[in-house]
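Student: Sequence:
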Amino acid sequence: MAVETAFTGRRVLLDSAAEVGPATVYVDAAGRVARIEREYRPEGAAVDAGDRLLMPGIVDGHVHINQPGRTQWEGVVTASHAAAAGGVTTIIDMPLNCIPSTVTVDAYNQKRESFRGGMWVDVGTWGGVVPGNAADLVPMLEAGARGFKCFLCDSGVDEFPAVNEAHLRAAMAELAKKRGTLLFHAEVDTGATADAARDPTEYATFLDSRPPGMEVAAIDLVVKMCREFAPHVRCHIVHLSAADALPAIRAAKAEGLPLTVETCFHYLTINAEDVPRRSTEYKCCPPIRGEANRAQLWAAVVDGTIDMVVSDHSPCTPDLKMHPCCGGAPIAGAVEGDFVKAWGGIASVGIGLPLLWTEGRRRGLRLQDVVRLICERTAAHSGLAGRKGRIAVGHDADFVVWDPEEQNRITVDKLHFRNKLTPYRERQCTGCVHQTVVRGAVVYDAARAGADGWDRGFSQQPLGRWIGSDE
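All residue numbers for the sequence shown refer to this note's numbering, where the first residue is 113 and numbers rise by one.
The set of hints was computed from the structure by calculation and includes no laboratory data. Misleading hints may appear alongside valid ones.
What the hints assert, rightly or not - Here are the simulated EDC-like pairs of lysine to aspartate or glutamate, each with C-alpha atoms no more than 20 Å apart in a straight line: (1) Lys-453 <-> Glu-155; (2) Lys-453 <-> Glu-340; (3) Lys-532 <-> Asp-431.
Stated by the list, open to error - Have a look at the derived ranges for each label pair, beta carbon to beta carbon: (4) Gly-156 <-> Glu-254: 37 to 45 Å; (5) Ala-407 <-> Arg-537: 33 to 41 Å; (6) Asp-320 <-> Glu-151: 29 to 37 Å; (7) Asp-218 <-> Ala-411: 30 to 38 Å; (8) Arg-362 <-> Pro-154: 40 to 48 Å; (9) Arg-537 <-> Ala-404: 49 to 57 Å; (10) Gly-498 <-> Ala-247: 41 to 49 Å; (11) Glu-403 <-> Val-269: 27 to 35 Å; (12) Gly-244 <-> Gly-133: 25 to 33 Å; (13) Arg-291 <-> Asp-218: 44 to 52 Å; (14) Asp-266 <-> Asn-221: 22 to 30 Å; (15) Gly-506 <-> Ala-278: 39 to 47 Å; (16) Asp-301 <-> Gly-133: 51 to 59 Å; (17) Gln-572 <-> Ala-141: 19 to 27 Å.
In this text, a Cβ means the ideal position worked out from N, Cα and C, and glycines have one as well.
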């Protein structure tokens, strides 16, 4: 009989349709689940979760790793360390903020090669749609891109320009040949700008410059294009912020259009009223909105209108945030703590599980719902439903062992991404990750994190793999 490795616990959650109960999961030499027994068998197990919860590894489908080209912002080693420490076993990188942007097969190959030897979890990438690259899309899909992202407004980096309706139509005609997926940064320019007479260090000054109407108008366009190319192109709205767009989304789904929607941990856990002055670590686009808006987003998560939750980890160096911790502002005309001119993006990869659970359980979210929102549906969205997101025979043996009841303060020593500027520092949560397993190998063990040495709980070798065309 082939050698198998056992992972066991009294509280195991295989998927969103299962109940929590004892189980032992046997993993073959290829790192896939070979069989499952519904009994707790600790003798000889590689991992004995005991009374902690063992569930599928998290798939984060929206992460900006920024490599190659902007590794001072982030890199694959630090991003995958952060992911592993938070129970995230697969991350899908975004095509912008790296140089070159992932808009050609050559750029795709450069990214893949630059990641070699630095992945502590499995990593894939989205490609990008920009003006004039429609002919590159099918070759990128064939190379292994999970789908494509576009911007309907300024992306913030010159290398990744926005597209208009004509560009979309050309791109979607190509994607229809392969039933590809198109992701939309759903904001359009409606003429709103920041009022120069107002204090730029007040969050409201920035917030009022990105009104909900920017998202509503963009999502109306997305629905129009989705209808035109249905069922051959699946459309996806990234980082939904504005609850005002929910009626249009609900109507499109009722119509049966192939439309999915994500929101982010920060839109569900922070409200605009609580953002402190000069605290530009809270700035992102679209923006964090008010408490009433947050309540509506939560209702849409609970009722299934919003399909999944991701991090949208989008870090930069503190100087680009014009943050008071840097002692200065690098852009002419800016002031320290300038929300209007600071880079927009929130650093959060690897800390989403306790954030979502802490807020969600207050609203009736079950552990099964957590698996559905951040494991199963994110895996399916990335084209990995047959390999990731569930504990099932034939699937990759990707697990997280965590304690849903343990109190957890997010201190700087628990932040493994490169730049530690995040709105979640010192936040008190419920839920703590103890071990992360990727294809049957333990890549993070919190019990080792306090030991002397460089690894801080991580495996000595990077055990993650690139997710490409052979997956």
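Student: Now tell me, hint by hint, if it's right for this structure.
Tutor: Okay, the hints, checked on the actual structure:
For the hint linking Lys-453 to Glu-155, the alpha-carbon distance of about 58 Å lies beyond 20 Å, and the restraint is violated. For the hint linking Lys-453 to Glu-340, the alpha-carbon distance of about 37 Å lies beyond 20 Å, and the restraint is violated. Between the alpha carbons of Lys-532 and Asp-431 the distance comes to roughly 12 Å, so the proposed pair stays at or under 20 Å and holds. Roughly 44 Å separates the CB atoms of Gly-156 and Glu-254, a value that falls within the hinted 37 to 45 Å.
Checked against the given bound of 33 to 41 Å, the beta carbons of Ala-407 and Arg-537, roughly 25 Å apart, lie outside it. Range check, Asp-320 to Glu-151: about 58 Å between beta-carbon atoms, so the 29 to 37 Å window is missed. Between Asp-218 and Ala-411 the beta carbons are some 45 Å apart, a value that contradicts the proposed interval 30 to 38 Å. Distance hint check for Arg-362 and Pro-154: the Cβ-Cβ separation is about 47 Å, which falls inside the suggested range of 40 to 48 Å.
Between Arg-537 and Ala-404 the Cβ separation comes to about 26 Å, which falls outside the hinted range of 49 to 57 Å. Roughly 29 Å separates the CB atoms of Gly-498 and Ala-247, a value that falls outside the hinted 41 to 49 Å. Our hint of 27 to 35 Å for Glu-403 and Val-269 holds, since their Cβ atoms are close to 32 Å apart. Checking the proposed 25 to 33 Å range against Gly-244 and Gly-133 shows it is violated: the Cβ atoms sit about 54 Å from each other.
Arg-291 and Asp-218 have their C-beta atoms about 24 Å apart, which leaves the hinted 44 to 52 Å range violated. A beta carbon spacing of about 28 Å between Asp-266 and Asn-221 agrees with the range 22 to 30 Å that was offered as a hint. The hinted range of 39 to 47 Å is satisfied by Gly-506 and Ala-278, whose Cβ atoms lie roughly 43 Å apart. As the Cβ distance of Asp-301 to Gly-133 is approximately 52 Å, the hint placing it in 51 to 59 Å holds.
In this structure, Gln-572 and Ala-141 meet the distance hint of 19 to 27 Å, their C-beta atoms being roughly 20 Å apart.
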